[in-house]
Amino acid sequence: MFAKNEFETYSNLENNLKDALNILNSEQQSNVVIEEMYYNTAKNIGSRLNISSYDQLTEKLSMLGLGQVRVNLISEEKIIIRLYECFTCSSMDYIGKNICHFEAGIISGAVSTIINQEVEAVETRCCGLGDNFCEFELIKDSQLESKKKISHDISENETNVVDLTLHSLNLAKKYKEAEYKTECFSNVNNQLDKALKNVKEINEFNETVLDSIPNCLAVIDSNGVVTKINDNYLEFLGKNIYEVEKRSIKNLNWQTKYQEVLNSYEPAVWKESNDQGAYIVFETPLKEEEGVIRQLIPVESQFIKLLLDKMTFLEKEMKYYKNKVTEQKNKERLIDNMIVTSDKMKEIIKYAKKVAKTDATVLLRGESGTGKTMLAKRMHQEGPRSHNSFLYIDCTTIPENFFEAELFGYESGAFTGAKRGGKVGKIEEADGGTVFLDEIAEVPIKMQAKLLRFLQEQKFERIGSTETKEVDVRIIAATNQDLEAMVKEGRFRKDLYYRLNVINITLPSLSERWQDIPSLVDDILLQFSKEAGINIKEINEEGMKELIDYSWPGNIRELENVLKRLMIATEDRVIKKNDILEELKKTDNHKEVEELKYDIGDEGEGKIKLIEKELIIKYLKEDNHNKTKVANKLGISRQTLYNKLNKYDIDY
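Quick note on the working numbering: the sequence shown kicks off at 1 and runs consecutively.
None of these hints come from the bench; they were simulated from the model. Heads up, a few of these hints could be off.
Stated by the list, open to error - Straight-line distance between alpha carbons at most 35 Å, and here's what the computed DSBU-like set of lysine-lysine pairs gives:
{"#": "1", "residue 1": "Lys446", "residue 2": "Lys305"}
{"#": "2", "residue 1": "Lys469", "residue 2": "Lys459"}
{"#": "3", "residue 1": "Lys633", "residue 2": "Lys545"}
Said to hold, decoys possible - Derived DEER-like restraints, expressed as beta-carbon distance ranges:
{"#": "4", "residue 1": "Thr466", "residue 2": "Ile74", "range": "45 to 53 Å"}
{"#": "5", "residue 1": "Lys350", "residue 2": "Lys446", "range": "38 to 46 Å"}
{"#": "6", "residue 1": "Asn223", "residue 2": "Ala278", "range": "49 to 57 Å"}
{"#": "7", "residue 1": "Asn626", "residue 2": "Glu300", "range": "53 to 61 Å"}
{"#": "8", "residue 1": "Gln381", "residue 2": "Asn504", "range": "36 to 44 Å"}
Quantities reported herein were computed from a predicted structural model and do not represent experimental measurements. Every residue gets a Cβ at the ideal spot worked out from N, C-alpha and C, and that includes glycine.
Can you build the whole structure from these sequences, using the hints too?
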């Protein structure tokens, strides 16, 4: 069976790899036991680094690539040390937990040696918590007896083990890039392969590293002879080293694929079973060496469970990001190739390109689904800030009480529930780039003054701070509401309105730019056929006429949704008029509008508006003034409904 003390030694390379995967991915799979093992292993290493002063600590950790150390406080009770450019977390985003157990252990062991007294390190700040550095609080344990000065003599092999551990952690960072199951299974073997090469460079195989690996591990040369085998494997076989090492695997009766691995230079993975249970066998070629690493891991081991869990997670994550990439490509396609046929849209795009070259604040107006976001992104790409970020903020999705914190950030302890270390706001995050404030009319009235000041001065303070911050961003705002009416009603600040309304671009509805519909239809059908793997379909002349004649209250977004449903539902290659009518008539409101259309005849736009107003009033009464239900019946967004309520002066 496998050794019980497989995780105890500080040079346990594979344990470091496993824990590195847990820590670097932070998917609720790191548990307290493993974190403590990781910390204690690193602490043992730290106590052996031949460090006798804080200057040496700074120099040594920098040399090892763990980060830049700064000692902030030394007192009788505690010592506070900050670590900048931390090896583990400096490149990570916020994940809601501290993760630098390796660095904490190294620092704890080293400081214990410096002051000749046992200390424990607690990580109080971390990039994983949203900070820009790590901070460790080292507490002297008065209950522990003062220990004798730890010997500073450290062997060359031990130094190489430290470097090897850090090198392995670096390799483990690449684990997140795995895309296939085979790569996930063979990743650890690749790390071991490189680890073994590094050890051989010092002309002495480090038996401590080999024996500390928690799995059964052996090295087979090109002649099929076992050249190295660890204690765990010997215990599993129930044999001593002289019965296995330097012997042919044919005499040992091992089931192996080493010759296949040597010939193909590809790893082999399979499952075996015996009286001791089921286990996974890995055989991996040694790079630049004629040999194979053979490894046995029990199926029920924690490592395999973590690996399988990680594979499942990665598969889901890859699927999620694949969808995101497809979605982003579609957006970029529409941004780069905005379908423009109508003269009205050509003029707008031409004007927008001129405005894009400046830093002027822009207010985009138009109904929902007319392409305001796409135009804002295109203006960013055409402008001088294109190499920096474009930050989209949907003002309708931010709760009123969190608006200031979301836009401008906050300091640690600014309010109940504030994240330790504070948080950078969206405005500060976009420094040097463009901020797109979609649905600007939804900004709470009490927040409008602070937003106005920022637009005027590009300055602000985080919540809970008196420090004034200054950034350089361009603001593009958008709305589908009547801001002028809101100003009159006191729901939108007049001075903010004029500050935003430097450049005003109004996008026409799809019904106003109906000349673009055929080109839009062709483009949407082509792209969706590629995404869904459906044979491309076309719309006959009568069907296209129906699409052109339809009012499209949801604009381009509604057109895209209707076409996708038609592509899926229609059996024939050609989508006909009746197919389109059936799709358009699925909503009760469309049926009623169609009936009213025939009653209107050619009496003009005035009567259409009157009927639209009466229809809205009718639905409000039927649904007890439930705006969501009314908007759904009309096939429009809530914002568009509110816009029409204000437009027709309907009491709601």
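Report task. Find the hints from earlier in the document that the structure breaks and name them by number, from lowest to highest. Result -> 1, 4, 6, 8
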